[in-house]
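Student: Please construct the entire structure, taking both the sequences and the accompanying hints into account.
Protein chains in written order, with numbering that gives the first Met the number 0: chain A, 0 to 141; chain B, 0 to 157.
Misleading hints may appear alongside valid ones.
With a straight-line Cα cutoff of 30 Å, these simulated DSS-like cross-link-like pairs (lysine-lysine) come out [claimed, not checked]:
| id | chain 1 | residue 1 | chain 2 | residue 2 |
| --- | --- | --- | --- | --- |
| 1 | A | Lys61 | A | Lys94 |
| 2 | B | Lys62 | B | Lys98 |
| 3 | B | Lys67 | A | Lys94 |
| 4 | B | Lys141 | A | Lys61 |
| 5 | B | Lys64 | A | Lys94 |
| 6 | B | Lys141 | B | Lys64 |
| 7 | B | Lys141 | A | Lys94 |
| 8 | B | Lys49 | A | Lys80 |
| 9 | A | Lys61 | B | Lys62 |
| 10 | B | Lys98 | B | Lys67 |
| 11 | A | Lys61 | B | Lys98 |
| 12 | B | Lys98 | B | Lys64 |
| 13 | B | Lys141 | B | Lys98 |
| 14 | B | Lys67 | A | Lys53 |
| 15 | A | Lys80 | B | Lys141 |
| 16 | B | Lys49 | B | Lys98 |
| 17 | A | Lys61 | B | Lys67 |
| 18 | B | Lys49 | B | Lys141 |
| 19 | B | Lys146 | B | Lys64 |
| 20 | B | Lys62 | B | Lys146 |
| 21 | B | Lys49 | B | Lys64 |
| 22 | B | Lys49 | B | Lys146 |
| 23 | A | Lys53 | A | Lys80 |
| 24 | A | Lys94 | A | Lys53 |
| 25 | B | Lys146 | A | Lys94 |
| 26 | B | Lys49 | B | Lys67 |
Computed far set for chain A versus chain B, every beta-carbon distance over 10 Å [unchecked claim]:
| id | residue |
| --- | --- |
| 27 | Gln48 |
| 28 | Asp84 |
| 29 | Thr87 |
Derived from the structure by calculation, the hints contain no laboratory data.
Keep in mind it's a predicted model, so treat the numbers as computed, not measured.
All C-beta atoms in this analysis are idealised placements derived from N, C-alpha and C, irrespective of residue type, glycine included.
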Amino acid sequence: MKPTNRKLRRTLLALAAGAGAALAAAPALSGDDCDVPVERWRSRDAVMQMAAGKGWQVQRLKIDDGCYEIRGRDAQGREFKAKLDPQTLQVVRMKGRERDRDRDRSRARDDRGPARNAQPAGAASAAGPLFTPGTAPRAQID
Amino acid sequence: MSKPLMTTVLAASALALPALAQSRPVTLTTTLENYGGDGAYLAVYLTDAKGAYVGTLWVAGGKAKYYKNLADWSRLSAGDARRLDGVTGASVGQGRTLKVSADLADALIDAGYEIRIDAAVEDMRDSPGEIRVPLTRAGAGKPQAGKSYVQSFSYQIQ
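Tutor: Now the structure itself:
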């Protein structure tokens, strides 16, 4: 019994270590990202059908952060943006979009012409001597 | 101590000590407004007296696709291939406080350098130049409000 137990324990430890390593190696996903293998994705037509069933008017359907993302109007005519799990088509995240006009305007402004203070490539090389060698900035959020 | 070892230790000290003597810990504290949106992406960086990019102190927010929304920082730092090395963390939620600590060279203080923060929040207006304050001893400890998202920004020089 004893050698068997030892063997079992060793196997469990190896499994636990493997699982830990796999977790550590997995890319960090934020709360509203999706991580579904491509072979399990539903089609875009299925997404459009689901949206029609909810009375949504789809203005744009795209893929973002591994999820389907719909922009459109809901059954009440309110603009929204929704992220859907590509396998289950369940809503991962949904939000209204009343502020988008501001952002679009801001983006249009940013896209105008060349940058005022644009630097040539390599201009940042001066940064080296100004920061203490061997030290890195640290940050915390309270 | 053997002679070669002593020589190595002395050489290392000679390199390290001036760096220690010429740098100063600086803490930058940024508290966000309750702006009613997702976590903010912030780029904290330095520019020189001519407005040229010097270096990045911190970038809050992990998705690279949003970095272009930190428009001034993204543009100015484009030539710095290492601008993100070791200086990225999570985005900062509304009402939260980001504290960044860095050892900055003395030569940066009272020499026309400026601390800048660009801010961006999903589905809200981008705010390049949210904060622009000169890096001076006189300015240390004096809180300043940002344009859109930063309720209060201040820095301490030790």
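Student: Look at each hint and say if it fits the structure.
Tutor: The hints, checked one at a time:
Restraint check for Lys61 (chain A) and Lys94 (chain A): the C-alpha separation of about 16 Å stays at or below 30 Å, so the hint holds. Distance check on the hinted pair: Lys62 (chain B) and Lys98 (chain B) sit about 20 Å apart at the alpha-carbon level, within 30 Å; holds. With a C-alpha separation of about 22 Å, the suggested pairing of Lys67 (chain B) with Lys94 (chain A) holds against the 30 Å cut-off. For the hint pairing Lys141 (chain B) with Lys61 (chain A), the CA-to-CA distance comes to about 45 Å; that exceeds 30 Å, so the pair is violated.
Distance restraint check for Lys64 (chain B) and Lys94 (chain A): the Cα-Cα separation of roughly 20 Å lies within the 30 Å cut-off, and the hinted pair is therefore satisfied. About 34 Å separates the Cα atoms of Lys141 (chain B) and Lys64 (chain B), which puts this hinted pair outside 30 Å; it is violated. Between the alpha carbons of Lys141 (chain B) and Lys94 (chain A) the distance comes to roughly 37 Å, so the proposed pair goes past 30 Å and is violated. A threshold of 30 Å between alpha carbons decides the hint, and for Lys49 (chain B) with Lys80 (chain A) the separation of about 41 Å lies outside it, so the pair is violated.
With a CA separation close to 18 Å, the supplied pair Lys61 (chain A) and Lys62 (chain B) stays within the 30 Å bound. Between Lys98 (chain B) and Lys67 (chain B) the CA atoms are separated by roughly 23 Å; this keeps the pair inside 30 Å, and the hint holds. Distance restraint check for Lys61 (chain A) and Lys98 (chain B): the Cα-Cα separation of roughly 36 Å exceeds the 30 Å cut-off, and the hinted pair is therefore not satisfied. At roughly 24 Å between alpha-carbon atoms, Lys98 (chain B) and Lys64 (chain B) fall within 30 Å of each other, so this suggested pair holds.
Pair hint Lys141 (chain B) plus Lys98 (chain B) holds up; C-alpha atoms about 15 Å apart against a cutoff of 30 Å. Restraint check for Lys67 (chain B) and Lys53 (chain A): the C-alpha separation of about 34 Å exceeds 30 Å, so the hint is violated. With a C-alpha separation of about 40 Å, the suggested pair Lys80 (chain A) and Lys141 (chain B) falls outside the 30 Å cut-off, and the hint is violated. A distance of roughly 27 Å separates the Cα atoms of Lys49 (chain B) and Lys98 (chain B); the hinted pair therefore holds under the 30 Å criterion.
This hinted pair checks out: Lys61 (chain A) and Lys67 (chain B) have alpha carbons roughly 19 Å apart, not beyond 30 Å. For the suggested pair Lys49 (chain B) and Lys141 (chain B), the alpha carbons sit about 23 Å apart, so the restraint of at most 30 Å is met. Only pairs whose Cα atoms come within 30 Å are accepted, and Lys146 (chain B) paired with Lys64 (chain B) is accepted, the gap being roughly 23 Å. Restraint check: the Cα-Cα separation between Lys62 (chain B) and Lys146 (chain B) comes to about 23 Å, which is no more than 30 Å; the hinted pair holds.
In summary, the hint linking Lys49 (chain B) to Lys64 (chain B) is supported, as the alpha carbons are separated by about 29 Å, within the 30 Å threshold. Restraint check for Lys49 (chain B) and Lys146 (chain B): the C-alpha separation of about 22 Å stays at or below 30 Å, so the hint holds. Of the supplied pair hints, the one linking Lys53 (chain A) and Lys80 (chain A) holds, its CA atoms being roughly 14 Å apart against a limit of 30 Å. Simply put, Lys94 (chain A) and Lys53 (chain A) have alpha-carbon atoms about 16 Å apart, close enough for the 30 Å limit, and the pair holds.
Our distance criterion of 30 Å between C-alpha atoms is met by Lys146 (chain B) and Lys94 (chain A), whose separation comes to about 25 Å. Distance hint between Lys49 (chain B) and Lys67 (chain B) is fulfilled; the C-alpha atoms sit about 23 Å from each other, no more than 30 Å. Distance check for Gln48 (chain A) against chain B: the nearest CB is about 27 Å away, which clears 10 Å, and the non-interface claim stands. Every CB of chain B lies more than 10 Å from the CB of Asp84 (chain A), the least distance being 19 Å, so the non-interface label holds.
Listed as outside the interface, Thr87 (chain A) is consistent with that label: its C-beta sits roughly 23 Å from the nearest C-beta of chain B, beyond the 10 Å cut-off.
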